[in-house]
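Residue numbering for the sequence shown follows the working numbering, beginning at 118 and increasing consecutively.
Everything labelled a hint here was simulated from the structure, so no lab data went into it.
Model, not experiment: these values are computed from the prediction.
Worth double-checking, as some hints may not be accurate.
To be verified - FRET-style restraints, in silico, Cβ to Cβ: (1) 145 - 125: 25 to 31 angstroms; (2) 145 - 122: 24 to 30 angstroms; (3) 175 - 145: 14 to 20 angstroms; (4) 120 - 144: 14 to 20 angstroms; (5) 175 - 146: 17 to 23 angstroms; (6) 125 - 149: 23 to 29 angstroms; (7) 122 - 154: 26 to 32 angstroms; (8) 125 - 155: 14 to 20 angstroms; (9) 167 - 143: 15 to 21 angstroms; (10) 118 - 149: 25 to 31 angstroms; (11) 173 - 144: 24 to 30 angstroms; (12) 134 - 174: 24 to 30 angstroms; (13) 155 - 128: 23 to 29 angstroms; (14) 146 - 174: 17 to 23 angstroms.
Using N, Cα and C, we set each Cβ at its ideal position, and we do this for glycine too.
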Amino acid sequence: MTDDELLLEIDYTNYNSSCRDPHITPAEDLVECRRPRGHDDDMHGTRAGVRAIRWTAGVTPLAA
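Hey, can you work out the whole structure from these sequences and the hints?
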């Protein structure tokens, strides 16, 4: 999936239907997956301005 395809998917997924898997970015920002709930692959994603942020499930644990 290209960044443009991911961003389009995110833009057309409403909050209530999104996955919302949490992730802490390298800049220590907390983000949530905005792909549709039950998406087919392990790749989560969200939008950061005009950029797409991607991560794999379980790779970065949340800070306690």
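Checked hints:
{"no.": "1", "hint": "145 - 125: 25 to 31 angstroms", "in the structure": "holds (28 angstroms)"}
{"no.": "2", "hint": "145 - 122: 24 to 30 angstroms", "in the structure": "holds (28 angstroms)"}
{"no.": "3", "hint": "175 - 145: 14 to 20 angstroms", "in the structure": "holds (18 angstroms)"}
{"no.": "4", "hint": "120 - 144: 14 to 20 angstroms", "in the structure": "holds (18 angstroms)"}
{"no.": "5", "hint": "175 - 146: 17 to 23 angstroms", "in the structure": "holds (19 angstroms)"}
{"no.": "6", "hint": "125 - 149: 23 to 29 angstroms", "in the structure": "violated (18 angstroms)"}
{"no.": "7", "hint": "122 - 154: 26 to 32 angstroms", "in the structure": "violated (18 angstroms)"}
{"no.": "8", "hint": "125 - 155: 14 to 20 angstroms", "in the structure": "holds (18 angstroms)"}
{"no.": "9", "hint": "167 - 143: 15 to 21 angstroms", "in the structure": "holds (18 angstroms)"}
{"no.": "10", "hint": "118 - 149: 25 to 31 angstroms", "in the structure": "violated (18 angstroms)"}
{"no.": "11", "hint": "173 - 144: 24 to 30 angstroms", "in the structure": "violated (18 angstroms)"}
{"no.": "12", "hint": "134 - 174: 24 to 30 angstroms", "in the structure": "violated (18 angstroms)"}
{"no.": "13", "hint": "155 - 128: 23 to 29 angstroms", "in the structure": "violated (18 angstroms)"}
{"no.": "14", "hint": "146 - 174: 17 to 23 angstroms", "in the structure": "holds (18 angstroms)"}
Of the hints listed earlier, those the structure fails to meet are numbers 6, 7, 10, 11, 12, 13, in rising order.
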